[in-house]
Amino acid sequence: MSAETKPKAELYKRVDALWAVVREQVAFLRRDPLAFASMVIAGAFVFLGVFGPFLAPHDPIEYTIRSDTGSVLQLASPSMDAFFGTTAFGKDVFSQFLAGARPTLIVGLFGGLGTGALGFTVGVVSGYYGGWVDELLMRLTDLTFSLPFMPMALLLLTFMTPNIWLITAIIVAFLWKMPARVVRSEVLSVRERTFVKSARASGASDLRTMVYHVAPNVLPIGFLYTAYGVAWAVAAQASLAFLGFGDPTMTSWGRMLRQVFESGNIRVAWWWVLPPAIGIAAITTSVFLIGRAYEEVINPEIQTDQ
Amino acid sequence: NSSRGESLEPNVPDGVPETVETKYWREWETVDAESPPLEYSATAGSVLDRVPVEYSSEDDPWMREHALMVKRGLNDLGVDVTLDDRPLNQLYAQSWTANGLEAVISMSSQGPDPQRGLDPNPLLMRATEESLSNYDNYYHPELQDILTEQAQTTDRAEREELVDQAQEIFAEDIGAIITLFPNIITAVNTDRWSGYVETPGNGQTMDSFVWTEVNLQPETDNRTYVKGVSTSMNSLNLAWAAGGAEAKRLTFIYDGLFDATPDLDVVPALATGGGFVDDTTVELTLREGVEWHDGEPFTAEDVKFTVELYDEYASTSQVPFYEPIDSVEILGDHEVRFNLANPDAAFMTQRVVRSVILPKHRWEDVGNPSQHNPDSPVGTGPFEFENWEQGTRFEASRNDGHWMFDDDWRNDALGDQAESGPGVDTVVWLNVSNVDALIGSLQSGSIDAVGTNLSDLQANRAANSEGIEKMSAGSYAPLIMKLMFSCPLIRDKEFRVALAKSLDSKGFVEDFLHGQATVPTGENLISSLTQWHNPDTTDYSYDVDEAETILEQAGYTWDGQGNLRFPNGDAWGAFVERIQPENTNQRRTELQQGDFS
Amino acid sequence: MTKFQRFLLKRLAISVVLTLVAVSVIFVVLRLLPGSPFETLVTSGNLNQEQIDEIRAMYGLDQSIWNQYLSYIESLLTFQFGYSILRSQPVWEVLEPRLINSLILLVPALVTTAILSSLLGMYAGWNRGSRLEKLSIVLTTLLRSTPVFITAIFFIILFAYNLELVPALGMRSIRATPDGYLETFVSLDFLHHYLLPFAVAVLFYSGDFLLLARNGVVEKRGSEFLKLHRAKGLSEFQQLARAGRNSMLPILTYFTLRLGMIFQGLILLEVVFSWPGIGRELVLAIQQQDYPLVQAAVFIMALAVIIANLAADVLYAYFDPTVSTNGGGSA
Amino acid sequence: MTLLNVEDLKVTYATDDETIHAVNDVSFSIEEGVNYGLAGESGSGKSTVAEALLGLLPRNGTVESGTLEFNGTDLTSLTDAERRDILWEDIAYIPQSAMDSLDPVMTTGAQIAQAIHTHRNVTDSKARDRVRELFDIVGLDPDRIDEYPHEFSGGMRQRVTIAMALALEPDLIIADEPTTGLDVIVQDKIIDKILEIQERMDSSLLLITHEIGVIAETCDALSILYGGKVMEQGSVDNVLVNPTNPYTMGLKNSFPEIDAEDEDPVAIPGSPPNLNREPTACVFERRCPFATDDCRESHPELIDLPNRNHRSACHRVKEAAQLRRDADEPETWDIPDTSSVDSERGEVILETDNLEKHYEQSQPLLSKVRGEEPDYVKAVDGVSLSVRRSEVLGIAGESGCGKSTLGETMALLEDPTGGEMVFDGDPYEHYQDGNLQSFRRNVQIIFQDPFDSLNPRQTVRQLVGEPLTIHDYRTDEQEHAIVETLEKVGLTPAQKFLDSYPHELSGGQRQRVAVAKALVLDPDFLICDEPASMLDVSLKVNLLNLLRGLADIEDLGIVYISHDLASLMQVSDRLAIMYLGRIIEQGDVDRIASNPKHPYTTSLLSAAPEKDPTTDRTRVLLDGEPPDPVDLPSGCAFAPRCPKAQETCLEAEPSIDQAGDKTHRAACYFPNGEQR
Ligand SMILES: Nc1ncnc2c1ncn2[C@@H]1O[C@H](COP(=O)(O)OP(=O)(O)OP(=O)(O)O)[C@@H](O)[C@H]1O
Ligand SMILES: Nc1ncnc2c1ncn2[C@@H]1O[C@H](COP(=O)(O)OP(=O)(O)OP(=O)(O)O)[C@@H](O)[C@H]1O
Ligand SMILES: [Mg+2]
Ligand SMILES: [Mg+2]
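Residue numbers (the numbering used here), protein chains in the order written: chain A, 1 to 306; chain B, 1 to 597; chain C, 1 to 331; chain D, 1 to 676.
To be clear, the hints were calculated from the coordinates, so they are not data collected in a lab. A hint or two may mislead.
Under 8 Å between C-beta atoms, here's a sample of chain D residues computed to sit facing chain A [said to hold, decoys possible]:
1) L413
2) D452
3) P456
4) I470
5) H471
No residue lacks a Cβ here, since even glycine has one placed at the ideal position from N, Cα and C.
All chains should be built: construct the whole structure from the sequences, respecting the hints.
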């Protein structure tokens, strides 16, 4: 093996190993039809999030749909001109639906990943080091628990102009506590396991032990909470947007719902309500279902009779 | 500043700066900032930076459409725009610190506050230097003088003359862009009641005036009139209320010294006559035989007490009334004299109208009136307080002896709209959480009228039901697009004119408001509904081609992609000249500049 | 001093410190907010600077931040929430009825769902793999994960607009004129308005309890001690009861925690249904920037969480015979 | 009369991808008043049989066929309600893991009372009286009936389950490994108790265990299970004295015995069969050294042997006597004889002097402020010992006496709180002071639990290679070093294992990987903390042999910690007996075995069961449990339980040099030898 190929081969091995872990982790999908269906929905959602804005036939905000006579088609039910009908100001609901997937995806994905990653890191560090580090971090989670998320988020968003990254950051800042606690308690039990002691006995540093021995063994819980984090983040983002604290520059599903609700049109414009509402419900539910199916697999206690 | 498109190499005449930043061009009394919160610079030959335009979609449901209209207009000129949808409070917050606008263009619709319809001052005086509301840093020396003068001219005719001039100057100079005066649209049940009175800025059912309620006649046995509203009163303390709803609804209970008719004419109320005796002295005779709802007689004492109380405890909602009053003297049981600090032309047309007089015997023992929430407010008004439940309902009953219920009196005040009959007995305001529910309640008969502004579509939807009709009334409250005058681009009058000509307000009103708005002739703040309107103002009518020509002649150019560029070379020199403080109110030709096209 | 008392004391101390920190955070965030309700008045051109200063002084906004902070802490901790800027009323007078309205909606909903869903969850867990189990899980997951306002909108469209079974909004019919809590809550009209938000709240929370109970029972069902119970000849139902009893503690703890988060969790529910509760009031107050009101509402919410956390820990320590009460970590 | 008759029982478990044939055609019967044993390695189906009898099979388990007749009624044909009536009333059950078999949120007394109430219509107070009585019978304090399970120790909990089983005086008690997981002394006491009570009540007992010794001592008849098949059954005297089945022979041989320290135990190589289909060949064929073509054809029938009450399932049952002789030779089982290379002991490599490890007990803040002395758990309390190269020092003692703590302190995983320790000429402070890595390189420790001592997310290559990476040792030939070490510990061919994850390995293989991980750095000193206690007998023997070999060939110094005296005797050169943090006896293995001086050692030795049913052993039962290590009695710590304790013992603590000579010392005022 030449000196050059070695790191490469090493890299491949790493990637391979990582891939194997992921494959191993999603193997449950094959067995659980519900989880599989959810995965399909989640996949469709990611597709929408990435390509939706390009697929939208019109600009969701600026383009106005007009009738043949040139007048604006306000609150028109679905037709060939507008598959999902139009809004009170003649905007294309279909285009808004397509474009609205993106902020939902961005906040969901990054909010979820951020929540998972931050919570995971805090949980591992806190659980592994114990002592005052633990005490400090856990009090911090207590604090974030006692600061009510919704009101605090609303307050923060009143003095900072909302944009999706800010919203993502706020969501992460409030949700990391959930995985942190669970991961920590998991780490506490992993830390006591013999192989960790054994790693120490063979001279591994704290960092090495934490990274190679503790972290990989709580990773599934981390994954699980990342999945839940995605669902929470989507829900939180939609809720904030619904209350009027969403990113005003982007069309999002939550914001669409706010506009129907605010404009007093839910009673009539079902075509305007259903797409975003079903979109949000479908994505949060499927992420949750995937998480749950996964939990079933990783939680040995509830799989006792298999 | 990285510019888009290809800019030209700056080519600058001697002694002319290559770049001009946004800055304060005058010392501003009301502004303490070192520099404006906006950063926008003009550089010779460079493509214009994106122009930030702010609005708040909370302001009006259609505000975003309006902003998009502005965006289209600017795009047509080759100017890119960043639309900034800001929370309403943030839009307001700029005025709190008063450092100026954060955007080049900032649009917001004004509330139809009765004061704004009665006198030109509330809107016009903002163009003066001393006004706290002048955070767009607009300054026009001539206008400044005229406005200061008219504010002290108590002679009506003289004043009207000055006000007309002011409107002309403002419109010609494009001190701001006034796109439209949106109508007030509501829906009412006409099967049960007749006699809805159309009042400008107030429609038939809003709460700034009581005309509809005193004029309504039942078509059925039921004499309780129920109005659904979506904003709730927060307290029963009219004078120290921070919100708008209580200041309006509680005027049903109280009377002012004078009142205004649906034609925005001043009519007597608690005061029956009087006026300026000299520039700073006003003497009024008060109505006799008036009783407070608790039976106590109303006297001059009450007026004096009220003004002093407001002044001592800084009433928030009655500022316009007591602000100019230096002292009050009682000349007799029913006669008072106000000594004003300065001559104030608006005193008789605006300030004493809709002023609220409190009963002394009720308020004199209140410790801190600003934190007082009377259990049951007592006034002299056409309605007596019955009960109030915050966020739920407010109820008032007819004060039968009140002069407004006198048919003759009403005939005088309302003209054609007056109707006679038994009238209402009780008025109930019900809080309904949203528009959807309001319409539903109106259709189901739970309420008789909607006291909230609806969109045309919604009103039509409501009117689909038997017995429900859409009501629409004009308004004197404009949508103002403030322009940041410290920004070099805005300081160029040629650009302002092009901007005004690029906006298709009429098309917008047709498309999105179904014609339910008035588009003014030019940039006139004063609506044709008021008595102060000047119809002969400069109208820069919608014409994009012409706008382009104007820009071209002023030296602006376009790059290959059609992006607008600042003038270059000599034209840049002319541009810099135009934006100097002494020239910013003048056109190119007035300055003897050539045609650069 | 027993171990338990010591644990209690430590937990209590932590809670007090947490309250202080949380309250300070709220203060800082609120002070960062620009503007105030008076801005509207300034914008309308009605006030001059002096008057503005005067009003600010009245609400203590002109004092040094430090002084404001101290008086703020003092007043919050003594439950003197001050005077609402917009409502010209003591904050507590504004909040009290809202609080009651919220509680009357949320507490019964939470209790109902805790009992029903836990029982159903236990039953589902016991019959693991059955259709009932699968269905209940999917259904509750759907209800749990969908943001509550969406469920609420669906319910409104379906039950209020299309079937017209119940009113869509509000707590009482708009023309009702009840006097006092008794008249407000004891009436058919109230019930009529109550059903929909109640049902949505119940369904929204059902997922957590159902899963918790189900997982608990599934976990216990394979356990050794249940095998011994079975060997002793206990009937199926008695076994389920034992499994349920063994899964009670997490449910109880969770219930307590949820109870603490109740106000914040369902802000959106109150907004959608226009339920005049504390959550909706808070959103309004935030929009209107009524500092004292926001401050008090957030404080109440934070306090509820802190107290509930404390209660959950204590209950856990108290009811679980095996828990170590040395107060080490608080889970 | 036959109490229980099992005929052709077949049980399968359905799993996601396959069906496990856990029990295949098992037949046996239990006469009234008889103690019956079921023995076999782990996974042989013992528990499954018991659960099938009781109708307690998990949901995925099915009784495919067979009859289960109890007192004439067929248990399989009963309705649930009928079965519930029989359960406990007639058949009681002592489950495998008493530790978790009690409902954690119900008081122990209530759980017993519940059993009574379910079947008898008695008042609460009657039931309570009965519970108190039962507590008394099993040797628990009747006043503790209102305590929760977690307030009892493992042994005590086991007694609670026994008390529960006795509550209704059933005809049959099924005890599934009632003593597994408990240490010898407690095990011995419990077995004794069961026997005593059962004698009194005159019920039958079905005892399930993998410890042949326990069966030999308690049962009248037994069945040996393997792969879900009965390999041999009959009276204990017949089966265990003269086994006729190669599996029984192997099983019996792999049990080390204390007295027979010269003779190396012989293990059965290989691992139990895969049960995912019904056996077509003899289930033992793959591991049987005597297998012929016949054996590959079919599983042999169970044949009645001429002598009464003895059946065996083996194709070569006729040659039994010859096979028995061959089976005693390690070569037969393909096991290399390692005992021949008996190297000299080298120089001292590690020495401790009065080593102490006290754990401070957490203390309320208030007392801390007051500056009160905290309480200490004196886990290791003044241990002095030395280990030479090529020597295996065994450390024995009952659970909780501080063995693991000692091991970990010697490995510097715990900081010593007192005393001296010198490794390779340098005091431990030297290492702690920045030279820890060199210590870690030379001293390795192997832990008890093979299932948990390997990171489940690393491959064997990563596992074994990690120490090399950490210490930058043989980095350029890492692969080679790994392979070499794996082969040294008997994982051949090493390539086959390199990319496996731990869960793909058997318990024995895992423990070998753990050993390889320790050996890859070529350490000088190895500490083994019960490395074999979780392994099946045959695997255990393999591991012991491996360690012995390492000491002899690689000149390692080894400390071997265990509570299993028998295996210690096999592997060690010298032995140290520990009691409550102290060494109370120390010396050469043979001298301690033949002549224990300390009464505690005597009782430890006597507690180990004998696999030969014909030998009788005298038990020395100890009273009570070890005292609380926080609150040690003054004087000899063992005195409160010592049968020979006198005044002197309570006054002052005897030192280790109190009795014996240089190669065999004991801390006792009245040592055995001297009294004789
Ligand atoms: N619930 C189950 N599902 C699938 N297979 C099982 C189940 N329970 C036991 N088995 C398998 O059945 C076989 C027999 O298991 P059983 O528990 O009866 O063995 P055992 O002899 O009691 O072993 P041990 O000594 O370890 O207790 C084993 O191969 C085991 O893996
Ligand atoms: N980290 C610790 N903190 C406090 N006490 C401890 C700690 N570790 C062990 N102990 C106590 O020290 C004593 C000795 O424990 P140790 O684990 O060394 O026993 P052992 O002989 O290995 O037992 P076993 O045979 O059960 O493994 C026990 O009383 C135990 O409770
Ligand atoms: Mg078993
Ligand atoms: Mg140990």
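The hints, checked one at a time:
1. Taking 8 Å as the C-beta contact cut-off toward chain A, the hint placing L413(D) at the interface holds, the least distance being around 6 Å.
2. Interface hint status for D452(D): upheld, as the beta-carbon distance to the closest one in chain A is roughly 4 Å, under 8 Å.
3. For P456(D), the shortest C-beta to C-beta distance to chain A is roughly 7 Å, which falls under 8 Å, so the interface hint holds.
4. Interface restraint check: I470(D) against chain A, minimum CB-CB distance 5 Å, threshold 8 Å, status holds.
5. Residue-level restraint check for H471(D) holds (minimum Cβ-Cβ distance to chain A is 6 Å; threshold 8 Å).
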